[in-house]
Amino acid sequence: AQSVTQLDSHVSVSEGTPVLLRCNYSSSYSPSLFWYVQHPNKGLQLLLKYTSAATLVKGINGFEAEFKKSETSFHLTKPSAHMSDAAEYFCVVSDNTGGFKTIFGAGTRLFVKA
Amino acid sequence: GAVVSQHPSWVICKSGTSVKIECRSLDFQATTMFWYRQFPKQSLMLMATSNEGSKATYEQGVEKDKFLINHASLTLSTLTVTSAHPEDSSFYICSLQGATFDYGYTFGSGTRLTVV
Numbered sequence: 001a002q003s004v005t006q007l008d009s010h011v012s013v014s015e016g017t018p019v020l021l022r023c024n025y026s027s028s029y030s031p032s033l034f035w036y037v038q039h040p041n042k043g044l045q046l047l048l049k050y051t052s053a054a055t056l057v058k059g060i061n062g063f064e065a066e067f068k069k070s071e072t073s074f075h076l077t078k079p080s081a082h083m084s085d086a087a088e089y090f091c092v093v094s095d096n097t098g099g100f101k102t103i104f105g106a107g108t109r110l111f112v113k114a
Numbered sequence: 001g002a003v004v005s006q007h008p009s010w011v012i013c014k015s016g017t018s019v020k021i022e023c024r025s026l027d028f029q030a031t032t033m034f035w036y037r038q039f040p041k042q043s044l045m046l047m048a049t050s051n052e053g054s055k056a057t058y059e060q061g062v063e064k065d066k067f068l069i070n071h072a073s074l075t076l077s078t079l080t081v082t083s084a085h086p087e088d089s090s091f092y093i094c095s096l097q098g099a100t101f102d103y104g105y106t107f108g109s110g111t112r113l114t115v116v
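Those sequence lines, one after another, are chains Z and R.
Residue 86 in the working numbering sits at position 86 of the first sequence, with consecutive numbering throughout.
Residue 9 in the working numbering sits at position 9 of the second sequence, with consecutive numbering throughout.
If we strip away everything but chain Z, and leave its shape as in the complex, we get (with noise of 0.2 Å):
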């Protein structure tokens, strides 16, 4: 069974300082994980995904993550935010079974002070 949890609910940075979205998975079979970014009212962008090529992958808008099997973890990582980069944030993983379902996790808000 697949499963994903997002440590924090939300997080609050100042601009230009570094962001860290954390995310540890649980799957049966070898995952495929995704960062997906919501602005208000507005549908999901994908920043970033892993499907077991290299495990330090790079995304849009200078986001990155890194797939750790020892510690099951998918932390989302940029090393300077901007006030745009402000939204929700979700770590979503899915495996070859049952018809590829995604798994979302809960959720992190974002939040960018001046």
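Take the hints with a grain of salt, since some may be wrong.
[As the list claims (entries may be wrong)] Facing chain Z, according to a computed beta carbon distance under 8 Å, are these residues of chain R, among others:
| no. | residue |
| --- | --- |
| 1 | P8 |
| 2 | F28 |
| 3 | P40 |
| 4 | L44 |
| 5 | K55 |
| 6 | I93 |
| 7 | F107 |
| 8 | S109 |
Keep in mind that the hints were calculated from the coordinates and are not lab data.
Keep in mind the model is a prediction, meaning the values are calculated, not measured.
Ideal Cβ placement from N, Cα and C applies to all residues, glycine included.
Using the hints provided, position chain R relative to the given structure of chain Z.
Then chain R, alone, in the frame of chain Z:
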């Protein structure tokens, strides 16, 4: 990348009426489609999975007679909320998967449904 068009982006309807939401894949063949709903300040919950040409598979607790899903072609899936009630008010999002799993998932822009 894949482009998904979902509409309407928002709809207000009266209790007891039905609402249809469309999800179109504009540039690839979507063999599998997923429908999610999202309540305010909550995560997305998978409602059902549909495969082109076959019946949808609904998640536990989702009424299949209330949320009708049709995936008649490789480019179009529809979700019809029948006899809508205020508690059906939510944000509905579709997701399409291409023929290759590693292609990943593409999400529609969502539909905000308000039942009054």
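Here's how the hints hold up against the structure:
1. The closest approach between the C-beta of R:P8 and any C-beta of chain Z is roughly 13 Å, which is over the 8 Å cut-off, so the hint fails.
2. Look at R:F28: its Cβ only gets to about 15 Å from chain Z, farther than 8 Å, so that hint breaks.
3. The restraint placing R:P40 at the interface with chain Z is violated, with a minimum CB-CB distance near 10 Å, outside the 8 Å limit.
4. Interface restraint check: R:L44 against chain Z, minimum CB-CB distance 5 Å, threshold 8 Å, status holds.
5. Checking R:K55 against chain Z by beta carbon gives a least distance of about 13 Å; that is not within 8 Å, so the hint is violated.
6. Interface restraint check: R:I93 against chain Z, minimum CB-CB distance 6 Å, threshold 8 Å, status holds.
7. The restraint placing R:F107 at the interface with chain Z holds, with a minimum CB-CB distance near 4 Å, inside the 8 Å limit.
8. Checking R:S109 against chain Z by beta carbon gives a least distance of about 4 Å; that is within 8 Å, so the hint holds.
Violation of the numbered hints given earlier is confined to hints 1, 2, 3 and 5; the remaining hints are satisfied by the structure.
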